[in-house]
Amino acid sequence: MKIILPDKSVRMLESGPALVESLLRDLGFDPVEVMVVRNGTLVTEDAIAANDDEIRIIRIAHGG
Amino acid sequence: MGTVPSATPRCSLCNEPAVFHDRVRGRHLCRDHFTSDIEARVLDTIRSRNLIVPGDHVAIALSGGKDSTALLMILARLLPSLGDVPLSAVTIDEGIHGYREDTVRSADDLVKRFGLPHTTVSFPDLFGDTLDAFLEGRETEACSVCGILRRKALNVAAERAGATKLATGHNLDDEAQSVFMNVLRGDLPRLLRDPGSDSQGMFIPRIKPLMFVSEKEIAVYLMLHGAWADLPECPYAVHALRGEVRRMLATLESKHPGTMLHLMESREKIAMWCAGTPQEEPVRECRQCGDPCSGEVCQLCQLKKRLGMIHRS
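From first to last, the protein sequence lines are chains A and B. Its first residue numbered 1, the first sequence is counted upward by one per residue in the working numbering. Its first residue numbered 1, the second sequence is counted upward by one per residue in the working numbering.
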């Protein structure tokens with residue numbers, strides 16, 4: 001699984017199907033504070049990410 | 001045997017792929033139902049509280065950040081339902097290096113796209129110098145200093161735009177944080193203050209149409225409508241009590257969905273119980289500048305003296 005973090009760095013992860021929320025928590029993100037794009041499409045935190053997916057995590061900037 | 005979760009949860013209303021999990025109301029929404037839900041809730045907030053009435057001219061306090069961008073897009077879409085009141089945008093350039101340049105550019109692009117009148121007021125124009133300059137050596141006071149100066153600048157800009165209402169992009173997270181902070185400070189008058197009526201006719205009333213829309217919902221709305229921009233956060237925000245309260249509330253909201261909404265409901269119940277009980281000093285005129293204030297001298301004049309701004313403007 002290719003994970004693109006908010007700072008644009010990339011992390012490769014060998015994983016079976018996993019809840020997006022679990023992935024986020026393992027990586028130290030609160031689902032309330034980020035959005036997740038799976039293979040170019042916005043998904044909810046209770047969607048499933050598979051090993052061949054690209055997961056982009058977008059942090060929601062405060063203020064504005 | 002437990003249910004195997006779907007790779008993509010479906011909309012609770014139409015079975016299309018869900019883009020948002022509304023944990024407070026216990027449902028999933030697709031792009032179209034999410035969009036119509038947000039817009040309907042904003043319209044309901046406006047109507048139920050009479051935030052915008054026929055004859056109004058609404059100026060949007062447009063920083064170019066995510067909240068005010070979403071506010072402009074949503075109000076522009078709702079205008080036909082609101083009696084086609086005139087809409088314009090006002091932007092304050094405080095002079096925050098490495099932050100405000102991007103958002104001001106974003107605000108410019110947006111008003112051009114929507115063809116709205118745009119009034120910009122900068123701190124150097126109004127107060128003689130940038131916020132960065134005023135804050136040298138006093139960065140920990142940033143939010144209180146900026147708040148006082150911004151309040152004045154927004155009022156000047158809204159007056160120049162000819163507005164009768166000033167709409168700000170404060171969202172549910174902002175409002176819940178404010179409720180919590182005012183409780184922590186024991187500041188009942190501020191907890192109960194209604195921004196739409198505290199001016200007693202002396203300031204342009206402020207309205208917050210997004211007060212029941214969460215920060216995440218705003219981000220998702222922008223993402224779905226091609227308006228998401230990865231903009232920086234204000235560099236001074238790290239010094240604020242609000243930052244600590246925000247992290248605490250985000251954790252609570254994550255564990256107990258609805259926490260922020262419940263805080264807002266608490267505020268409304270307290271306000272209802274306190275109705276008719278005077279909580280604040282009557283509004284008077286500042287003896288130095290004539291602006292409305294609760295004491296002899298307004299906060300702005302006190303701040304100007306403290307920062308030595310009188311010699312700069």
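Incorrect hints may have been included.
What the simulated footprint calls covered on chain A by chain B, stretch by stretch (three residues with Cβ under 8 Å from a Cβ of chain B suffice, anywhere in the stretch; the number is not a length) [said to hold, decoys possible]:
#1 19-32
#2 39-48
One side only, chain A facing chain B, incomplete, derived with CB under 10 Å [as the list claims (entries may be wrong)]:
#3 2
#4 16
#5 58
#6 61
The following label-pair restraints were derived from C-beta to C-beta distances [as the list claims (entries may be wrong)]:
#7 B:241 x A:27: 23 to 31 Å
#8 B:248 x A:22: 40 to 48 Å
#9 B:160 x A:51: 53 to 61 Å
#10 B:117 x A:19: 18 to 26 Å
#11 B:159 x A:28: 17 to 25 Å
#12 A:19 x B:44: 30 to 38 Å
#13 A:17 x B:264: 52 to 60 Å
#14 B:101 x A:22: 37 to 45 Å
#15 A:2 x B:230: 40 to 48 Å
#16 B:272 x A:51: 50 to 58 Å
#17 B:241 x A:22: 42 to 50 Å
#18 B:109 x A:19: 33 to 41 Å
#19 B:306 x A:15: 32 to 40 Å
#20 B:159 x A:51: 55 to 63 Å
Just so you know, these hints were derived from the structure itself, not from any lab. The C-beta atom is built at its ideal place from N, Cα and C for all residues, glycine as well.
Tested hints:
Coverage of a stretch by a chain is defined here by at least three residues with a beta carbon nearer than 8 Å to that chain's beta carbons; for the region 19-32 of chain A and chain B the count is 4, and the condition holds. With 8 residues having a beta carbon nearer than 8 Å to a beta carbon of chain B, the region 39-48 of chain A meets the requirement of three or more and the stated coverage holds. The closest approach between the C-beta of residue 2 of chain A and any C-beta of chain B is roughly 17 Å, which is over the 10 Å cut-off, so the hint fails. With a least beta-carbon distance of about 13 Å to chain B, the hint placing residue 16 of chain A at the interface is violated under the 10 Å criterion.
The interface hint given for residue 58 of chain A holds, since its Cβ lies 7 Å from the closest Cβ of chain B, which is under the 10 Å cut-off. The interface hint given for residue 61 of chain A holds, since its Cβ lies 5 Å from the closest Cβ of chain B, which is under the 10 Å cut-off. Between residue 241 of chain B and residue 27 of chain A the CB atoms are about 28 Å apart, so this pair conforms to the stated range of 23 to 31 Å. The beta-carbon spacing between residue 248 of chain B and residue 22 of chain A, approximately 23 Å, falls outside the hinted interval of 40 to 48 Å.
Take residue 160 of chain B and residue 51 of chain A: their Cβ atoms lie about 57 Å apart, and the range 53 to 61 Å holds. At roughly 48 Å, the beta carbons of residue 117 of chain B and residue 19 of chain A sit outside the given window of 18 to 26 Å. The hinted range of 17 to 25 Å is not satisfied by residue 159 of chain B and residue 28 of chain A, whose Cβ atoms lie roughly 46 Å apart. Taking the beta carbon of each, residue 19 of chain A and residue 44 of chain B are about 33 Å apart, inside 30 to 38 Å as hinted.
Evaluation of the 52 to 60 Å hint for residue 17 of chain A and residue 264 of chain B yields a failure: the beta carbon distance comes to about 38 Å. For residue 101 of chain B and residue 22 of chain A, the Cβ-Cβ distance of about 39 Å falls inside the hinted range of 37 to 45 Å, so the restraint holds. The hint said 40 to 48 Å for the Cβ distance between residue 2 of chain A and residue 230 of chain B, and at roughly 19 Å that hint is violated. Range check, residue 272 of chain B to residue 51 of chain A: Cβ separation about 54 Å, and the 50 to 58 Å hint holds.
The supplied range of 42 to 50 Å is broken by residue 241 of chain B and residue 22 of chain A, whose beta-carbon atoms lie about 32 Å from each other. A hinted range of 33 to 41 Å for the beta carbons of residue 109 of chain B and residue 19 of chain A is consistent with their spacing of about 38 Å. The hinted range of 32 to 40 Å is not satisfied by residue 306 of chain B and residue 15 of chain A, whose Cβ atoms lie roughly 56 Å apart. Look at residue 159 of chain B against residue 51 of chain A: about 59 Å separates their beta carbons, and that is inside 55 to 63 Å.
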